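Chains as they are written, first to last, in our numbering: chain F, 1 to 203; chain Z, 1 to 221; chain V, 1 to 256.
These aren't lab readings, by the way, just hints derived from the structure by calculation.
The structure presented is a predicted model; accordingly, all values stated were derived computationally and were not measured.
Among these hints, one or two may not hold up.
Stated by the list, open to error - The calculated lysine-lysine pairs, modelled on DSBU-like cross-linking and capped at a C-alpha distance of 30 Å, are:
hint, chain 1, residue 1, chain 2, residue 2
1, V, LYS121, V, LYS179
2, V, LYS179, V, LYS162
3, V, LYS60, V, LYS121
4, Z, LYS42, V, LYS179
5, V, LYS179, V, LYS60
6, Z, LYS217, F, LYS133
7, F, LYS133, V, LYS60
8, Z, LYS42, F, LYS54
9, F, LYS133, F, LYS160
10, Z, LYS42, V, LYS121
Unchecked claim - Chain Z side only, calculated, beta carbon under 7 Å to chain V, not exhaustive:
hint, residue
11, LEU2
12, LEU4
13, LEU6
14, LEU27
15, GLY36
16, PHE118
17, ASN120
18, LEU154
19, GLY157
Backbone N, C-alpha and C define an ideal beta-carbon position, used for all residues, glycine too.
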Amino acid sequence: MRLVAENLAGERGGEILFSGLNFAVTGGEALMITGPNGAGKSTLLRIIGGLLDKAEGRIRLDDAPADFDGLVSACHYLGHLNAMKPVLSVEENLHFWQSFNGIGDYTIAEALDRVQLGDIGHLPFGYLSTGQKRRASIARLLISRRPVWLLDEPTAGLDKRSEDQFAGVMHAHLSGGGIVIAATHLPLGLDGAQELVMGRNGF
Amino acid sequence: MLALFLRDTRLGLRAGGGVLIGILFFLAVIAVVPFGVGPDLKLLARIGPAMLWIGALLATLLGLDRLFQADRDDGSLDLLIMASDRHMLALTVLVKCLAHWSTCVLPLVIASPLLGLFMNMEPAAIGATTLTLFVGTPAITLIGAVGAAVAVALPRGGLLVSVIILPLTIPVLIFGVSAAYGAVEDPAPFVAPFLILVAITLFFAVIGPLAAAAALKSSAD
Amino acid sequence: MSDAASKAGRWVDLANPTRFINFAGIVLPWLVGITLLVLAAGLWMSFQAPDDYQQGSTVKIMFIHVPFAWLSMMCYTVMSISAIGTLVWRHPLADVSAKAAAPIGAAFTALALITGSLWGKPMWGTWWVWDARLTSVFVLFLMYLGIIALTRAMDDPAKSSKATAILTLVGFINIPIIKFSVDWWNTLHQPASVIRMGGPTIHPSLLWPLLVMAVGFTLLFFTLHIMAMRNEIWRRRVVAMRRIAARSAERRGVSS
């Protein structure tokens with residue numbers, strides 16, 4: 001499996017944020033996207049996830065696993081927002097996403113244990129603290145199988161301990177042959193990851 | 001898809017009495033009519049079906065702006081759009097509309113016979129109005145989905161959604177009310193306008209979700 | 001430090017509801033028993049009461065209709081007093097009381113409207129007329145629903161209590177309007193016949209069952225109200241405990 005971007009350009013609000021971007025990530029590898037605010041990190045992730053149209057260039061997933069017929073369908077997206085309903089319990093939220101997105105390597109209970117939320121899965125999502133909400137959202141990545149993870153500031157709101165745990169979760173995903181593409185300004189504890197530094201055009 | 005339906009109905013029932021507010025608005029609209037036109041029972045009975053329809057139309061429009069807004073605010077909408085290879089986005093929209101209709105609009109339909117009594121309508125008129133509302137209101141929700149999808153990116157889209165949709169719902173109102181009258185007043189036909197109403201609902205069950213899905217896809221930023 | 005202080009304050013606040021729950025546990029069984037007895041007696045007396053020479057047996061609807069109508073107003077009065085309690089003394093139980101009373105009041109109002117229209121159909125030939133009494137009671141029903149919607153729309157009781165109290169007090173204007181609507185306007189609904197200057201105009205054979213039924217339903221209201229208040233207190237505790245559970249899970253995670 002190989003995610004390839006060629007001569008990619010992205011715009012937001014009519015302004016070209018980046019252009020001529022080339023990278024290739026093979027299965028088991030991670031790509032860290034770094035750069036100042038406004039450099040287009042989130043835009044790039046949303047373009048990969050098919051949520052925004054690219055201005056020009058090509059992006060494709062070669063040798064995708066058999067169950068996934070396109071790049072977008074092979075992607076998990078963890079954005080700034082957690083995509084959970086505050087009035088539903090954590091388990092109800094996860095259960096919905098699992099039945100909507102398909103099952104994965106973890107059951108809901110296992111995934112909650114993995115992110116240290118095992119005993120509060122019955123609570124409404126709205127009662128959780130910011131870090132707990134983020135971890136519940138990370139559990140969503142585990143319960144449905146997707147080879148490519150697109151993570152936008154995944155550790156925002158996490159404490160040091162949870163960051164280390166999350167690094168473990170990502171390592172497990174990588175060693176299973178998955179791809180992680182993360183936009184971040186903090187080191188995520190992934191050694192040997194490619195780094196893509198984005199800067200504003202003209203700088 | 002069933003999971004989406006269940007989630008949305010659960011949210012509709014659990015989150016802050018949205019159902020109650022819709023019914024309350026409907027009741028209030030109907031309660032205001034006699035103050036406006038006077039408590040003449042014959043007149044009320046005559047305009048009853050039309051008033052019930054207008055009340056139900058306005059009450060249906062009331063909650064429509066939240067149809068996609070709530071999902072957009074917490075990021076769920078992105079994931080629903082990304083899943084479009086797995087679940088066709090139009091189908092997702094249709095299921096969301098169905099869930100919205102059964103939590104927010106179906107209670108209005110169920111309440112309408114009671115309001116018919118307030119308007120001193122005869123049993124045949126009440127039955128016909130309820131039936132036409134049952135068949136016609138899904139069309140309003142489905143048309144509304146287009147408006148809600150177009151206005152989803154706007155921070156204060158609520159009123160705009162109603163203003164955009166209202167002209168489009170006029171055919172539903174026309175045929176709904178004329179079918180309701182057709183059941184009571186003798187020369188007027190019932191079956192023809194009723195079937196047209198059914199056709200409008202089925203038509204928008206196809207067009208509405210497709211248009212809304214296209215609007216949602218382009219709205220992502 | 002401020003955290004500890006606020007926690008102590010919360011415990012003082014909880015002391016009252018705790019005492020209330022104990023009180024409710026003792027009083028409720030008795031109250032339920034007395035309510036059932038009085039209602040049974042009232043029903044029996046109602047069935048023994050003679051039919052009206054004009055209205056026939058439909059007059060018996062009055063025995064439940066009138067208590068429902070009284071209670072719909074009394075319940076609102078209780079809510080208004082609770083609202084004053086919330087605004088002036090900020091008593092936590094006052095808000096609980098107002099919130100618990102609203103659905104009961106709405107139910108009694110709905111029952112009054114329904115029984116009234118059941119009576120109106122054979123008497124007036126229509127289920128509903130828009131006269132002053134009926135309309136003002138219908139407005140009361142709408143206000144109950146509005147208050148319920150408002151309390152449910154806001155998650156945090158601390159925020160919703162004041163807004164609800166203010167709305168309740170503003171809506172109290174409607175109660176005297178309902179009471180005197182039959183005197184101020186010329187309506188189909190008959191004027192007051194029990195509580196009026198110069199003694200009741202109603203025949204004693206009908207008056208006694210009516211009064212017993214009224215007492216029975218008033219007892220029923222207080223039974224339901226105390227039950228609902230207890231439920232509301234429990235519900236708030238469950239919410240509080242769940243929040244604590246979410247926080248303590250975090251702490252346990254760190255220490256392990």
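Hint check:
For a cut-off of 30 Å, the pair hint linking V:LYS121 to V:LYS179 stands: about 23 Å separates their Cα positions. The hinted pair formed by V:LYS179 and V:LYS162 meets the criterion: a straight-line CA distance of about 27 Å does not exceed 30 Å. The straight-line distance between the Cα atoms of V:LYS60 and V:LYS121 is roughly 14 Å, inside the 30 Å bound, and the hint therefore holds. Restraint check for Z:LYS42 and V:LYS179: the C-alpha separation of about 28 Å stays at or below 30 Å, so the hint holds.
For the hint linking V:LYS179 to V:LYS60, the alpha-carbon distance of about 22 Å falls within 30 Å, and the restraint holds. Distance hint between Z:LYS217 and F:LYS133 is fulfilled; the C-alpha atoms sit about 27 Å from each other, no more than 30 Å. At most 30 Å may separate the alpha-carbon atoms for a hinted pair to count; F:LYS133 and V:LYS60 exceed this at roughly 59 Å. Restraint check for Z:LYS42 and F:LYS54: the C-alpha separation of about 64 Å exceeds 30 Å, so the hint is violated.
A C-alpha spacing of about 15 Å is found between F:LYS133 and F:LYS160, which places the hinted pair at or below 30 Å, so the restraint holds. At most 30 Å may separate the alpha-carbon atoms for a hinted pair to count; Z:LYS42 and V:LYS121 meet this at roughly 16 Å. The interface hint given for Z:LEU2 is broken, as the beta carbon of that residue sits about 27 Å from the closest beta carbon of chain V, more than 7 Å. Annotation: Z:LEU4 was flagged as interfacial toward chain V, and the flag is violated, the nearest CB pair being 24 Å apart, outside 7 Å.
A hinted interface residue such as Z:LEU6 counts as satisfied when its beta carbon comes closer than 7 Å to some beta carbon of chain V; here the least separation is about 21 Å, so the hint is violated. Proximity of Z:LEU27 to chain V holds as hinted, the smallest CB-CB distance being about 6 Å (cut-off 7 Å). Hint on Z:GLY36 is violated. Least Cβ distance to chain V is approximately 11 Å, over the 7 Å limit. The interface hint given for Z:PHE118 is met, as the beta carbon of that residue sits about 5 Å from the closest beta carbon of chain V, less than 7 Å.
At its closest, the beta carbon of Z:ASN120 sits 6 Å from a beta carbon of chain V; the interface hint therefore holds under the 7 Å criterion. Given the 7 Å rule on beta carbons, the hint for Z:LEU154 is violated: about 23 Å separates it from the nearest Cβ of chain V. With a least beta-carbon distance of about 20 Å to chain V, the hint placing Z:GLY157 at the interface is violated under the 7 Å criterion.
Checked against the numbered hints given earlier, the structure breaks hints 7, 8, 11, 12, 13, 15, 18 and 19 and satisfies all the rest.
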